[in-house]
Amino acid sequence: MPFIANTDADRKAMLDAIGKSSVEELFADIPEKRRFPELKLPEGKSEQEVLRELADLASRNLTPERKAWFLGAGAYNHFIPAVVPALASRGEFLTAYTPYQPEVAQGTLQSIFEYQSMAAELLGVPVVNASHYDVATALAEGIIMALKNYSDRTEVLLPRDLHPEYKKVVELYLEPFKVELREYVGAPEVAPVSDKTACLVASYPTFTGEVYPLAKAAEAAHSVGALFIVQADPMMCALFKSPGAQGADIVAAEGQCLGNPMNFGGPFLGMLGTTTQLMRKIPGRLVGQTKDSADRRGFVLTLSTREQHIRREKAVSNICSNQGLTMLQTCIYLAAMGKNGMRTVASLCYDKAHYAAELINGTPGYKVQTNSFFKEFLISTPIAAEEIFDRLVKRGFVPGLPVSRYDASKPNELLVCVTEVNTKSEIDSLAQLLKEVAQ
Amino acid sequence: MNAAAVQEPLIFELSVEGRVGCALPKSDVPHYELPKDLERETLNLPQVDELTLVRHFSRLSQKNYSIDTNFYPLGSCTMKYNPKANEVAANMAGWRLSHPLVGEKYSQGSLELIYRLQASLAEIGGFKAVSLQPAAGAHGELSGILMIRKYLLDHGETKRTKMLIPDSAHGTNPASCTMAGFVTQTIPSGPDGNIDMKALKAALDDTVAGIMITNPNTLGLFEKNIERIAALVHKAGGLVYGDGANMNALVGVFKPGEAGIDVMHFNLHKTFSTPHGGGGPGAGMIAAGKTLAAYLPGPTVAMKRGKFEFEMPEKSIGHVKAFYGNFGVLVRAYSYILLQGREGLRRIAENSVLNANYLKAKIEKTYPVKYPHSCMHEFVAMGDIAPGIRTTDIAKRLIDYGIHPPTVYFPLIVPEALMIEPTETESKATLDMFVDAMLAIAKEAKEEPELLHNAPVTTPVGRLDEVLAARNPILCYKD
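For the protein sequence lines, the chains are A and B, in the order given. Residue 11 is where the first sequence starts when you use this note's numbering, and the numbers rise one by one after that. Residue 39 is where the second sequence starts when you use this note's numbering, and the numbers rise one by one after that.
Mixed in with the good hints, there may be bad ones.
Listed next, the in silico DSS-like pairs over lysine-lysine satisfying Cα-Cα at most 30 Å (straight line) [to be verified]: (1) B:K188 x A:K158; (2) B:K188 x A:K291; (3) A:K178 x B:K353; (4) B:K481 x A:K30; (5) B:K166 x A:K55; (6) B:K262 x A:K178; (7) B:K188 x A:K188; (8) B:K342 x A:K404; (9) A:K50 x B:K328; (10) A:K30 x B:K262; (11) A:K43 x B:K293; (12) B:K262 x A:K50; (13) B:K293 x A:K55; (14) A:K420 x B:K400; (15) A:K50 x B:K122; (16) B:K197 x A:K50; (17) B:K400 x A:K30.
Below, a sample of chain B positions facing chain A; criterion: calculated Cβ distance under 8 Å [said to hold, decoys possible]: (18) L48; (19) D66; (20) T107; (21) N120.
Hints in this document: simulated from the structure, not taken from any laboratory. For glycine and all other residues, C-beta sits at the position ideal for the given N, C-alpha and C.
Could you put together the complete structure from these sequences and hints?
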């Protein structure tokens, strides 16, 4: 076994030093009838056998490698520059752990600080933590953070058009709390806020792609003393006003689209940011700048008294391990793209999505349902969206998400996503194929 | 010159107006106007070329200690070698580019992998069913405690609001209980480092929801009374949660599901060798026996008529995360299980326990071990070995010997704790190097204590002012 260095001679010498005659003796505390049970698993395989077996399994998945891809709905097919995985997969990053010893973790710590800085700029808030598991859990913990801000407010207002996956996670996380979850329809500024409201949540954009302005909603929430929480697409924020600039107190965003592969839904990157006022209540790790005794700049984990390893049952959250490596990928991605690259990529998504929507809207039987959007929009279809999906897959196209997969009452709705990787000719062909299958 | 030794500017300080680090395509479609009132004006992100970017992050990486470069005996974190084959496996296009909503019939590869990994982990742990959805150990804890909560409510047990937690437990245990709406009661350890049975019995009233047990516990000791504890808690009407953070000592040696544990998480990033990534992503899969299997979070994968399908367990608590878990991490863990096989898994436990006992035997005369009994995969020594010397000093001086410090000041019940976990992948030669360093530091502690107080001196920065960082938080770059 290549992962164990010690030989039988080493083991003998070590047992002699311990004063035992066999390794089995070291397990004497385990009840004898439970010790060394049979494991019904195969024998170990060679590296080449394992990789062949996994390559065979992996080949059974449909991927954008050989298809024109218009499926998003929370997992996005963006281009990832080669430098991103090349740098993030360096063993010094990959095989380090949580930077509890800052002198030997400045690489990780400075990277987190740079990520916090770039993410804060993008989302328009002064504080972003070192990551959550995904946007669903970040949003759930953001809402809990808001609830803890009040002793007498238990109402949470959620958009009806929140991504169904996120809604399910929020419902589970809030289940143990005394909370009233209420849904509102349409623009967040018309949500029925009251003096019972702890927080108003808005999606920017919503699940079906609708982009509502946020500033008036922030005002409405603040006018009743509630907090305003925004679940955002961070790539959209390169082009559109940030949630923070429009008055958000807490921002949760899914960072997968910024340099992380889709990976069948994980690992993703939960981004969570807030204001300076609420900084000491945010869950998750934070990195801060400081100095050593020789006045040299350095970085440390900070404000740790919020966290479980110090405060135990009184901590703001139980989170420990986060999504460090996906955060690093996003950090490198944002630096590689920079100011101009981020705007270019976001513009490409915007223009191509609008071009696609225009073509599809001109196709008989199809109608674009989303009014204002960034890269994803909902269309009504003349035949079942699931049928369109199957027929287009055979033609080399993955046309979007049949909404019926989440809501059976909506068989004729398809959520279409267009990014910078989609070419004009792919979009033209998509419109043509949609026309053909409707005839 | 060693890049680790020089100060590396922040990426913002390397920025030059007009530079970009990636060639992007030109638009092949018409331009569309943005809604005027929502258009963003400025975006202050850095602007660097690709080589500047590569050098920056390469130099930063060199400031880290990592398993690939250093011995990293961080107790309770199981910093074992992460095989490169697992990285190749996880980066296969079929996994990396697979979309979570493409549909079951178009992702049979992913579903089959989830199915097989569920079955392998259930077999290893002796459990009935497994959900791979939790993203980290603490996330698995929250899932398991929510399962206990739902089970109790389903059985009309609304009075059971108290969770028992040994004083040696990780901080995530009580924090997870709070998030799930329970109050916690701490159970002290007895003189042998195991749970004090008398205190446990006294706590078992009709408000008990259950107990969270880490086994081996954070002192590195096997909880000898595990089956009796489980039976007592069950008799009192509670359920037993197993924290599998230390499963590395037990794979192939002991199946917790056969010893009365109702629900348990394993940290795939510890026992099953997926890389820690500077803090994550982990994977905290959760397993349950017959009492709680129906309550697992979902979706999980089942096989029907030769096809793999998602399903929600019958009484599932729901979804703890969007989609199906940290899938990329799951691929690595499954690859590792295939490479190890049944006999390899047992060798993991055997060699990790042997390595820990060897280190303990070699240093315990110099660094006292409060509970001197045979340890499992780790042990807890104490660092206050000379006047004015604290555990921090030992830890920081180890850095100058090229070794990552052990976990320090944890568990809380051992003063000046040094929690040492070598893992099975380290050789006797590396362990001997560590022993030599520890003994040399002990000598320095008595003869030249300033060497310890001033350590580390070989790193890009010395000891950092953490009080300053917390008092005046600078969490973002400002120009």
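Each hint tested on the structure:
1. B:K188 x A:K158: holds, 23 Å
2. B:K188 x A:K291: Holds - the C-alpha atoms of K291 (chain A) and K188 (chain B) are around 28 Å apart, at most 30 Å.
3. A:K178 x B:K353: Holds, because 15 Å separates the two Cα atoms, which is no more than 30 Å.
4. B:K481 x A:K30: It holds: about 29 Å lies between the C-alpha atoms, which stays within 30 Å.
5. B:K166 x A:K55: holds, 26 Å
6. B:K262 x A:K178: Given pair K262 (chain B), K178 (chain A) is violated - Cα atoms ~40 Å apart, limit 30 Å.
7. B:K188 x A:K188: holds, 15 Å
8. B:K342 x A:K404: Distance of about 24 Å is within 30 Å: holds.
9. A:K50 x B:K328: holds, 19 Å
10. A:K30 x B:K262: holds, 20 Å
11. A:K43 x B:K293: holds, 11 Å
12. B:K262 x A:K50: holds, 25 Å
13. B:K293 x A:K55: Measuring from Cα to Cα gives roughly 23 Å; hence the hint holds.
14. A:K420 x B:K400: violated, 68 Å
15. A:K50 x B:K122: Satisfied, since the Cα-Cα distance of roughly 26 Å is no more than 30 Å.
16. B:K197 x A:K50: The hint is violated at about 41 Å.
17. B:K400 x A:K30: Answer holds: K400 (chain B) to K30 (chain A) is near 14 Å, not above 30 Å.
18. L48: holds, 6 Å
19. D66: holds, 4 Å
20. T107: holds, 6 Å
21. N120: holds, 5 Å
Hint compliance for this structure: hints 6, 14 and 16 are broken, all remaining hints hold.
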